[in-house]
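Undergrad: Residue numbers (my numbering), protein chains in the order written: chain Z, 7 to 149; chain C, 958 to 1347.
What the hints contain is simulated information worked out from the structure, not anything from laboratory work.
Please note that the accuracy of each hint is not assured.
Stated by the list, open to error - Within a straight-line C-alpha distance of at most 30 Å, the following computed DSBU-like cross-link-like pairs (lysine-lysine) qualify:
(1) C:1332 with Z:30
(2) Z:67 with C:1340
(3) Z:136 with Z:67
Keep in mind that this is a model prediction, so the values were computed, not measured.
Okay, here's what each chain looks like letter by letter:
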Amino acid sequence: MAKRSKKTVKNSSSLTNSSLYTQKVMEHFMNPHNMGEIEDADSVGEAGNAVCGDVMYLYLKIEKNRIKDIKFKTLGCAAAIATSSMVTDMAKGKTLDEALKITNKQVAEKLGGLPAIKMHCSVLAQQALKNAIENYLKRNLKK
Amino acid sequence: MRRIYADYAATTPVRKEAIRAMSPYFDKHFGNPSSLHADGRIAADAIKNSRKIIADIINASPEEIIFTSGGTESDNLAIRGIASSNQKNGNHIITSAVEHHAVLNTVKDLEKEGFDVTIIPVNKYGEVDPKEIERAITKKTILISVMHANNEIGTIQPIGEIGKTAKKHSVPFHVDAVQTFCHLPIDVKRMNIDLLSVSSHKIGGPKGVGALYVRKGLEIKPLFTGGPHEFNKRAGTENVAGIVGFAKAAEIANKEMEREKRRLEKLRDRIIDSILSSVPGSRLNGHPKNRLANNVNFGFVGVEGEALLLMLDSMGISASTGSACSSHNLSPSHVLLALDPDPVKAHGSLRITLGYKTTEKEVDYIIKAIQISVKKIREITPKIEGVTTY
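Based on the sequences and whatever the hints tell you, model everything.
TA: Pasting the structure below:
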């Protein structure tokens, strides 16, 4: 009985927070992970544009083909900030090949889902990561 | 956590007096106003009294007041009603770029049916120039529709002057007064208004009820077919309790109007002055003085409106934004775009609208919360020259 009432309270509080977004999205929006810039970044990836309202910058520190550190800066809605935060969590520590396999759907799933109209935010996060890695690979192939 | 409601332009809490006034009309006096028996007559009397209250506030006669389901229906009834019954006189409608969707989407729909529509642009404060309205009038113009004050930016339109122009050219003049009824004085005779839309839930009345003033003698075709209710202009059994609550709320709001306007203006300017002076990269959308007493609309460089709204929400504040990300079609507010076509600016807007329950203490908390939230979001914002710099 006690257990059930606890669950009811939890449900209602997540509704008050936002019925638009999951609790997970709100957590990442309110307290984003890996937020900031890397001054001596090995690569930077950009996605989106300010006219549409969302711009993401991903900064990578790479060692032996592995993402040693990753940070982001984003101008955008709560979903854009949360997907940026989540994609950095998912990519950190992965090899570049592994990180390139991260899909926008996986980002959205890890956040407990996104409203259909906000799915493009997860696409943006995945693209920013992909661009950052590809920029790095292009430059290193030239060397 | 205690919540602070700062979205009075969206809707308002129903006044206790209105709830008390409505209550008997759900059960004790449940009669149908069209019935001849005593139960029906009690309900009919309640509507009659309510109609008189609404009419008196705008200097109209009771038989010029048509009760509707709210502002949107009133706008539709006015515009479609005039369009349908004036096709022999012409097919041209004039309106402004900052109208509510209830007006803009209605005229756009009529445009598809073959009507000609002229949408008058606004200046950077959101004001319509009456001279431009006059220049747009042709022999075929059958309606001018301009709102009294804008719901997003609060800018007040020169309704008196537009009314004079409309009268001079004998064109019916519709005014969407949803944001101004019982907030600003309205005299339909002095202002030469032929049709006026008002709503109950913006003044402390219940949702789902509103009214349309239709000047005596003006022909409008009803939206629905049915019984002879509302002087043959709006078929369907009346929302008796809603109408009673609407009238009670209007009675109180009208009585308090002048005092409340002065009180809210002070609170509004306190927010505007504090934020503009303490938050760099902030600007006021709308007119600095010629605006609704309860309306504040800011733009913040490098801040997306939905993020700001949700941050404030997490701090217990209910506000609103014209940002694309908060809308269902991902396009920014047409009102903000009419003021400044740069969509980047429209994304970062925040609307705070105050009301009869707002206190000075709440306003001070709102100011602090905006300062903290803008700072917090800007920490996440990348530096993009010319976009997020100020």
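Undergrad: Compare the structure with each hint and give your call.
TA: Cross-check of the supplied hints:
For the hint linking residue 1332 of chain C to residue 30 of chain Z, the alpha-carbon distance of about 23 Å falls within 30 Å, and the restraint holds. Between residue 67 of chain Z and residue 1340 of chain C the alpha-carbon distance is near 20 Å, which keeps this suggested pair within the 30 Å criterion. For the hint pairing residue 136 of chain Z with residue 67 of chain Z, the CA-to-CA distance comes to about 14 Å; that is within 30 Å, so the pair holds.
In summary, the structure agrees with every hint in the numbered list given earlier.
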